[in-house]
Amino acid sequence: MIRLVDICKSYRVSRRGAGLGSAVKSLFGRRYDLVRALDCVSFEVGDGEMIGYIGPNGAGKSSTVKVMSGILTPDSGECIVNGRVPWKERAAHVRDIGVVFGQRSQLWWDVPVGDSFDLIRDIYSVKRADYRQILDRLISRLDLGELMRTPARQLSLGQRMRCEIAASLLHRPKILFLDEPTIGLDAPSKLAVREFIRSLNRLEGVTVILTTHDMQDIEALTDRVILIGKGRILLDGPIERLTAAGGDKKIDELVADMYRAFEI
Amino acid sequence: MKKYLAFFRIRFINGLQYRAAAYAGMATQFAWGFMEILVYTVFHDTAPAAFPMEMGQLTSYIWLRQALLGLFMSWYYDRELLDMITSGNVAYEMCRPADIYTMWFAKNLATRCSRAALRCVPIFLVAGFLPGRFRLYPPAGAGALAMFCVSVTAGVLITVGLSMFVYATAFYTVSPLGMRIVAVNIIEFMSGGIIPLPFFPDGVFRVMRLLPFAATESTPFLIYSGALRGGDAGAAVALQFMWLVLITAGGKLYLDSSLRRLVIQGG
Amino acid sequence: MRLYIKFLLMHLKSAMEYKASFALTVLGQFMTSFSAFLGIYFMFGRFGAVGDYSFEETLICYAAVLFAYSAAECFFRGFDAFESVISNGEFDRAMVRPRPVMLLVLCSRAEFARFGRLMQAVVIFAYAIPASDIGWTADRIFTLIMMCAGGTALFAGLFIVRASVCFFTVEGLEFMNIFTDGGRELGTYPLDIYGQPVLRFYTYVIPLACVQYYPLSYITARTGRFWYALLPLAGFVFLVPCFALWRIGVRHYKSTGS
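Residue numbers (my numbering), protein chains in the order written: chain P, 1 to 264; chain U, 1001 to 1267; chain E, 2001 to 2258.
Hints are supplied without guarantee of correctness; some may be wrong.
With a Cα cut of at most 27 Å, we get these calculated DSSO-like pairs of lysine-lysine [as the list claims (entries may be wrong)]: (1) P:Lys127 x E:Lys2006; (2) P:Lys88 x E:Lys2254; (3) U:Lys1107 x U:Lys1002; (4) E:Lys2254 x P:Lys230; (5) P:Lys249 x P:Lys190; (6) U:Lys1252 x U:Lys1003; (7) P:Lys250 x P:Lys190; (8) P:Lys249 x P:Lys230; (9) P:Lys127 x P:Lys174; (10) U:Lys1002 x U:Lys1252; (11) E:Lys2006 x E:Lys2019; (12) P:Lys127 x E:Lys2019; (13) P:Lys250 x P:Lys230; (14) E:Lys2254 x P:Lys174; (15) U:Lys1107 x U:Lys1003.
No lab work stands behind these hints, which were simulated from the structure alone. Note that the structure is predicted; figures quoted are calculated from it, not measured.
Can you build the whole structure from these sequences, using the hints too?
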């Protein structure tokens, strides 16, 4: 169970014009603008839900995920994940969550994937018997058998993403944050990843929060979508609310329309 | 020529935006300058007769080196270019309607100039007014100053020319990092970056000053401080220009052949 | 500790994937410190001594500092190269692991290529220890070991400070070199030759003299005070404020996320 109430967060960014003149000027003084990355964000996610968290680049998606995973402390507001405040009880909290950053790897580039997994087992102190069982299941369901002895640098993008997901599940988290898990994957890999995420959610009841730009991911996986723009939650509801309004338009077009409508 | 100036300009502006880095760099260079002067003062007091130049000349040498570090830094290599070479993406660079050697030369030169431009003036000003043994003295005379300006220009161009050899070698080696560390070390040591060349044993110094490494930073700094003057200075500058021609010509041939090899192998 | 060793093994495995490159880098590291050594050699060839220290005494001092610096660089590389740990997202990853963040950063890098420099220090010791006219009694050997150990802790502390500064500015980081590289360079010669102000700074602000000049003067019988041999412990004490600074940095990171 995740609950966010009025989470706010702002950053300072420096501004500078183009050209040599302003480059020299910026040596002596700089102007700063305050940007509200999160502006009173509130939502609730129940156990076993699967939600799609969407919005244009820089809308505040990853800031929200960072707050929920305990990396970022908000300026104000309340966030409770499984009864804990993430940034206050970090160590206990992170045992319950798994995080996949789509563009960043947690695997060791030059050593076999299996060795990376073993190390993650030690970091989480997963018991050996449990680990064996979890790993066997992941290997068979994500089809990792061959890959376990291959160094990560030799994997294709799709193979690597499957391994990344497995790596985030070795400690059996109750909540899984997926940040663009299908980015850059070819069609079969995308389908395999989606299929696995769906079964993880349906069969094992893992809560999944999925951020993505790929609307087909959203369509295929989630029942509920949260749209964020300029740090505010603009829409929170079942996916049908999106599709029903647009008639026979493609979902990508619908989302583009929506971004325009909200001026984000 | 205009397009190379454009490369130079954009790099130069880009280099100027790192304000905090410039302040931090200046603080570091002052600290190093003081440190080196302290060390040499102790050696000087231990055996004054063995000192190969006047102490004042050495302080000038040390401050010049710190002020112009950006121009002559031996360890600077453009990350982008190196990554491009090791990853094979250099192929894209070859599609541009520009000579690669000149383009890379201009980029490297610009980065060096922008780093030095930010840092040298404050260091010159402050070091010029430091008390006693820490002071940076004015050049040995108007002639020395003019000669110094010519010599510094040649020195920087030779420094960039030498680094182009290292870029070209990066095409061949299995370990660009290891190769670079070795190359940086040799250049640094032989150009007087560890200890100024006059402090080498006399026989070694007589050979070293003829090499292209001495033609980078050692020659201009020694001219400024007056440790190298008159006919010797003229000869040293002439030698610089000889090396400049040889090194740029050789570097261009070498880089072109590395690139050709790449084309034949298909990257 | 067990986890740390596992990480070290992984780093070793990774490095061994590129044996030729690894060997060349080790060689390069060896040469870096060799040219520094050659500089010292030339200086002593010309001047014979520095202050009242002989070549061999200086070498012992230089090798101890080099050893400490290289060992710290090798095993605390995660802090020394912390800007890369932050920029490639490894630090965020560490924050979602149920272990102390500091331990994970410590584990995140190990640079075995620095053995090239470590070897250099050992070779210099091998020459200078017998060549100096110091009578090597047990307490003096103990003091030398203390110098190396305390020095490693001291430089590790400086790297942690450097990493903590990364939380606030990456651009301005270069000034930390004054203390890290600068400490190593100044530490080439016994710190008292630079005069009282420098010696005081490196005693009370950054206790470099406690792992270098004071124990050295015990080894070379310039002082009879045995407690000078214990001063390298200050290197470990120095870690305390470094940890505190690190905590401030992490708190800042959590509130800005940049």
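Tested hints:
1. P:Lys127 x E:Lys2006: With a Cα-Cα distance of about 17 Å, the restraint between P:Lys127 and E:Lys2006 holds, given a limit of 27 Å.
2. P:Lys88 x E:Lys2254: Given pair P:Lys88, E:Lys2254 holds - Cα atoms ~11 Å apart, limit 27 Å.
3. U:Lys1107 x U:Lys1002: Judged against 27 Å, a Cα distance of about 13 Å means the pair holds.
4. E:Lys2254 x P:Lys230: holds, 21 Å
5. P:Lys249 x P:Lys190: holds, 23 Å
6. U:Lys1252 x U:Lys1003: Between U:Lys1252 and U:Lys1003 the Cα gap is close to 18 Å, so the pair holds against 27 Å.
7. P:Lys250 x P:Lys190: holds, 19 Å
8. P:Lys249 x P:Lys230: holds, 25 Å
9. P:Lys127 x P:Lys174: holds, 17 Å
10. U:Lys1002 x U:Lys1252: Holds, at roughly 20 Å.
11. E:Lys2006 x E:Lys2019: holds, 20 Å
12. P:Lys127 x E:Lys2019: violated, 35 Å
13. P:Lys250 x P:Lys230: At roughly 24 Å apart (the allowed maximum being 27 Å), P:Lys230 and P:Lys250 satisfy the hint.
14. E:Lys2254 x P:Lys174: Roughly 23 Å between the alpha carbons, so the hint for E:Lys2254 and P:Lys174 holds.
15. U:Lys1107 x U:Lys1003: The given pair, whose Cα atoms are some 11 Å apart, holds under the 27 Å limit.
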